[in-house]
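Chains as they are written, first to last, in this note's numbering: chain A, 1 to 166; chain B, 1 to 596.
Incorrect hints may have been included.
Listed next, the in silico PhoX-like pairs over lysine-lysine satisfying Cα-Cα at most 20 angstroms (straight line) [what the hints assert, rightly or not]: (1) B:Lys129 x A:Lys107; (2) A:Lys42 x A:Lys108; (3) B:Lys595 x B:Lys547; (4) B:Lys160 x A:Lys107; (5) B:Lys334 x B:Lys315; (6) B:Lys536 x B:Lys495; (7) B:Lys187 x A:Lys108; (8) A:Lys152 x B:Lys547; (9) B:Lys580 x A:Lys114; (10) B:Lys21 x B:Lys160; (11) B:Lys536 x A:Lys107; (12) B:Lys547 x A:Lys33; (13) A:Lys152 x B:Lys113; (14) B:Lys580 x A:Lys107; (15) B:Lys580 x A:Lys108; (16) B:Lys334 x A:Lys33; (17) A:Lys152 x A:Lys114; (18) B:Lys536 x B:Lys549; (19) B:Lys536 x A:Lys108; (20) B:Lys310 x A:Lys33; (21) B:Lys537 x A:Lys108.
Counterexamples of contact, computed for chain B against chain A with all Cβ distances above 10 angstroms [claimed, not checked]: (22) Gly17; (23) Val27; (24) Thr150; (25) Asp198; (26) Glu238; (27) Arg275; (28) Leu276; (29) Gly356; (30) Ile441; (31) Arg461; (32) Glu522; (33) Asn557.
FYI, nobody ran anything at the bench for these hints, they're computed from the structure. Since the model is a prediction, treat every value here as computed from it, not as a measurement. Using N, Cα and C, we set each Cβ at its ideal position, and we do this for glycine too.
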Amino acid sequence: MAKKIDVPFNGTKEQEERLKRELAALRKEHGGKGLMIASLQKAQEIYGYLPAPVQQMIADELGVSLAEVYGVATFYAQFSLYPKGQYKIGVCLGTACYVKGSGDVYKKICDTLKIEGGQCTDDLKFSLDATRCIGCCGLAPVMTVNDDVYGKVTPDEIEGILAKYN
Amino acid sequence: MFRSHILVCGGTGCTSGNSMKVYDALVDRIRKEGLENEVHVTKTGCFGLCALGPIMIVYPEGAFYSQVKVEDVDEIINEHIIKGRIVTRLLYKETVGEDGGIKALNDTNFYKKQHRVALRNCGVINPEKIEEYIAYDGYEALGKVLTEMTPQDVIDVISKSGLRGRGGAGFPTGRKWQFAKNSPGNKKYVCCNADEGDPGAFMDRSILEGDPHAVIEAMAIAAYAIGADQGYIYVRAEYPIAVQRLTIAIRQAREYGLLGKNIFNSGFNFDLDIRLGAGAFVCGEETALMTSIEGHRGEPRPRPPFPAVKGLFGKPTILNNVETYANVPQIILKGADWFASMGTEKSRGTKVFALGGKIHNTGLVEIPMGTTMREIIYDIGGGCPNGKKFKAAQTGGPSGGCIPAHLIDTPIDYDNLIAIGSMMGSGGLIVMDEDNCMVDIAKFFLEFTVDESCGKCTACRIGTKRLYEMLCKVTDGTATMEDLDKMEELCHYIKENSLCGLGQTAPNPVLSTLHYFRDEYEAHVRDKRCPAGVCKKLLRYQIVADKCKGCTLCARNCPVGAISGTVKEPHVIDASKCIKCGVCMEKCKFGAIIKA
């Protein structure tokens, strides 16, 4: 379970308007069918995560219950109900990386940042997720920090890598 | 006319190694030298040899440069492009012949035994230019189908070729299409499964990144065969490059009139849209994928009704995997007999494997069905690095099993893999050496399926969790021999009582390792020992007295004060205090600490 962080929802009017605009565009593009996942993806793009008020907005826009939105939002790994860190760390725990020791890398990051997978540090700086195969198995074990990719990572290098973002 | 072509790999593997910066630097230098009209730099899809990325090839010489860095660009331009002298130090060693000249890539061990059908354009054409695809016979198959063949002709050719689904189960593609064609209804759908979720498999992504038009063309052919006018490609949102290239490819195909209304003036209409998956392994299952496209939780539905009768939005639908589609245009152009001449009796054609794990040449290989595991791992893959002994190969991802070393000469096809307790799956092939613990591997896959079980069936939702807990007991050293039998029983229970492929195959990694590596399980249970030295709770760290110099470094770094001893005297570890964190072993400069 992700650690709940007490961040009050501070969405802006502009964000809400943008969401409504994007949803209207989606509806047109999809011919009104199968909108939910794409809507949640758009909302997460705008807000960074999917807190209850945002789920409610989508429920209202699509004319479905909040429970249905929540059901879909919690089903897929891509969606997060909690905010992510400024730097999102991903460690590939796909098989190729795992047999090459990415489990140790992951553990080292947990120990260093004192968080678990799915969690965010208290200062909202780093969050950590175990990712599925990101497909550069030649570089195994692989970790990513936002868009930066680090290949052939060893646990010793973790502190140095994290220091770059501090 | 260009006098030289530089092909830079733009696949995910090489891009992660900064190949796009190399590309930019090349383009930049060539412009500065005023050579834009003489030297052409292109981004291509994956060459397959990901272990050596970033990769580039310079033609006409065919110089295959590997592990190219931005700093190397000046040398390549100055020496190779301007002076015509090949930069030998960057050449892939296998391509340097005995006389010092360049050997053709197809003569190297990695490529020699490969036969590229699905990957034929990957690493050859620029995937962002439809003209390059067309120049390589692209959309010719669609033209042939629409102008010369009836829908039934198309299905007959595909059936006769013996093509089977490349996504896992190996269902005959032609038969699937026939069912959908026979289903009544004026609205039908064609879907493509690009939700590649097997950890360690990345061939579908490479095809989408390297040759997206092949998939689009094949979907149009399938649509014509079954009478559909709309298609969806369901692709993982985690594959940004693939999504971007697909988007470009669809737009270009529309501009050329190869998607849309009245294609080739034949009266046939077909259009295609992308749907982004949101990260759920179960969505690789066909009914779950369709539920997900409809916007719901991706839970599988019972079959029958099969999707060919009642699929997406309740209409007849076919769903094929990316690699399956990538074969289709070639089959139409070259004929069913050509395709059927490759492979084994029941598994025709070629299969792409993603080689990964403890192997020299990680990357993508495409080989005729029936090639043995030994040829793939040793001849193509170059064996295990660091002189380690090959222990097992895992195929089929979380649904498959581990193939032990003594079965390495098994010819790989759908039926042989099932017979030895694994399955083809999407084609991930992970090599393990003596340092991998098979119980730990089984636990790894179970952790994955526990996480990814959609929760609909009790046997899968709770069963995989209980199975995982039992495996934890084994790796913790608290399991009994009776637990091993219980585990086996539970495995069969889960297989028999789950609705979809996920649950039905989830116990395979446990069953196959229990079958082939039972001694390893027993060592954990009976002797409280992990033979590979992986399971932390069963490890005992020891100091070899002869090697210990008494430098005290380990004692000072031990977080729990478990190491004692006087300066310049051998130290000892108190096993009752040791938390097995491994810091001492990491810190020791003399290699005096070992795992026993």
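Going through the hints against the structure:
1. Straight-line distance between C-alpha atoms of Lys129 of chain B and Lys107 of chain A comes to about 43 angstroms, which puts the hinted pair past the 20 angstroms bound.
2. Annotation: proposed proximity of Lys42 of chain A to Lys108 of chain A is violated, straight-line Cα distance about 33 angstroms (limit 20 angstroms).
3. Straight-line distance between C-alpha atoms of Lys595 of chain B and Lys547 of chain B comes to about 14 angstroms, which keeps the hinted pair within the 20 angstroms bound.
4. Restraint check for Lys160 of chain B and Lys107 of chain A: the C-alpha separation of about 52 angstroms exceeds 20 angstroms, so the hint is violated.
5. Pair hint Lys334 of chain B plus Lys315 of chain B does not hold up; C-alpha atoms about 32 angstroms apart against a cutoff of 20 angstroms.
6. In summary, the hint linking Lys536 of chain B to Lys495 of chain B is not supported, as the alpha carbons are separated by about 30 angstroms, beyond the 20 angstroms threshold.
7. Simply put, Lys187 of chain B and Lys108 of chain A have alpha-carbon atoms about 54 angstroms apart, too far for the 20 angstroms limit, and the pair is violated.
8. Straight-line distance between C-alpha atoms of Lys152 of chain A and Lys547 of chain B comes to about 30 angstroms, which puts the hinted pair past the 20 angstroms bound.
9. Between Lys580 of chain B and Lys114 of chain A the CA atoms are separated by roughly 19 angstroms; this keeps the pair inside 20 angstroms, and the hint holds.
10. For the suggested pair Lys21 of chain B and Lys160 of chain B, the alpha carbons sit about 46 angstroms apart, so the restraint of at most 20 angstroms is broken.
11. Distance check on the hinted pair: Lys536 of chain B and Lys107 of chain A sit about 13 angstroms apart at the alpha-carbon level, within 20 angstroms; holds.
12. Annotation: proposed proximity of Lys547 of chain B to Lys33 of chain A is violated, straight-line Cα distance about 70 angstroms (limit 20 angstroms).
13. This hinted pair does not check out: Lys152 of chain A and Lys113 of chain B have alpha carbons roughly 28 angstroms apart, beyond 20 angstroms.
14. Only pairs whose Cα atoms come within 20 angstroms are accepted, and Lys580 of chain B paired with Lys107 of chain A is accepted, the gap being roughly 14 angstroms.
15. Of the pairs offered as hints, the one joining Lys580 of chain B and Lys108 of chain A holds, with about 14 angstroms between alpha carbons and a cut-off of 20 angstroms not exceeded.
16. Proposed proximity of Lys334 of chain B and Lys33 of chain A is contradicted: the alpha carbons are some 39 angstroms apart, above 20 angstroms.
17. The straight-line distance between the Cα atoms of Lys152 of chain A and Lys114 of chain A is roughly 23 angstroms, outside the 20 angstroms bound, and the hint therefore fails.
18. Annotation: proposed proximity of Lys536 of chain B to Lys549 of chain B is violated, straight-line Cα distance about 26 angstroms (limit 20 angstroms).
19. For a cut-off of 20 angstroms, the pair hint linking Lys536 of chain B to Lys108 of chain A stands: about 15 angstroms separates their Cα positions.
20. At roughly 17 angstroms between alpha-carbon atoms, Lys310 of chain B and Lys33 of chain A fall within 20 angstroms of each other, so this suggested pair holds.
21. Proposed proximity of Lys537 of chain B and Lys108 of chain A is supported: the alpha carbons are some 17 angstroms apart, at most 20 angstroms.
22. Interface exclusion of Gly17 of chain B from chain A breaks down, the closest Cβ pair being 7 angstroms apart, not more than 10 angstroms.
23. At roughly 21 angstroms from the closest C-beta of chain A, the C-beta of Val27 of chain B stays outside 10 angstroms, upholding its exclusion from the interface.
24. No Cβ of chain A approaches the Cβ of Thr150 of chain B within 10 angstroms, the least distance being about 30 angstroms, so the stated non-interface status holds.
25. Against chain A, the non-interface label of Asp198 of chain B is violated: not every CB pair exceeds 10 angstroms, the least being about 8 angstroms.
26. Look at Glu238 of chain B: its CB is around 7 angstroms from the nearest CB on chain A, not clear of 10 angstroms, so calling it non-interface is violated.
27. With a cut of 10 angstroms on Cβ distances, Arg275 of chain B falls inside the contact zone with chain A, its closest approach being about 7 angstroms.
28. Listed as outside the interface, Leu276 of chain B is inconsistent with that label: its C-beta sits roughly 6 angstroms from the nearest C-beta of chain A, within the 10 angstroms cut-off.
29. A Cβ of chain A approaches the Cβ of Gly356 of chain B within 10 angstroms, the least distance being about 3 angstroms, so the stated non-interface status is violated.
30. For Ile441 of chain B, the shortest C-beta to C-beta distance to chain A comes to about 7 angstroms, within the 10 angstroms cut-off, and the non-interface label is violated.
31. Listed as outside the interface, Arg461 of chain B is consistent with that label: its C-beta sits roughly 13 angstroms from the nearest C-beta of chain A, beyond the 10 angstroms cut-off.
32. No beta-carbon of chain A comes within 10 angstroms of the beta-carbon of Glu522 of chain B; the shortest separation is about 22 angstroms.
33. The beta carbon of Asn557 of chain B is kept farther than 10 angstroms from every beta carbon of chain A, the shortest such distance being approximately 13 angstroms.
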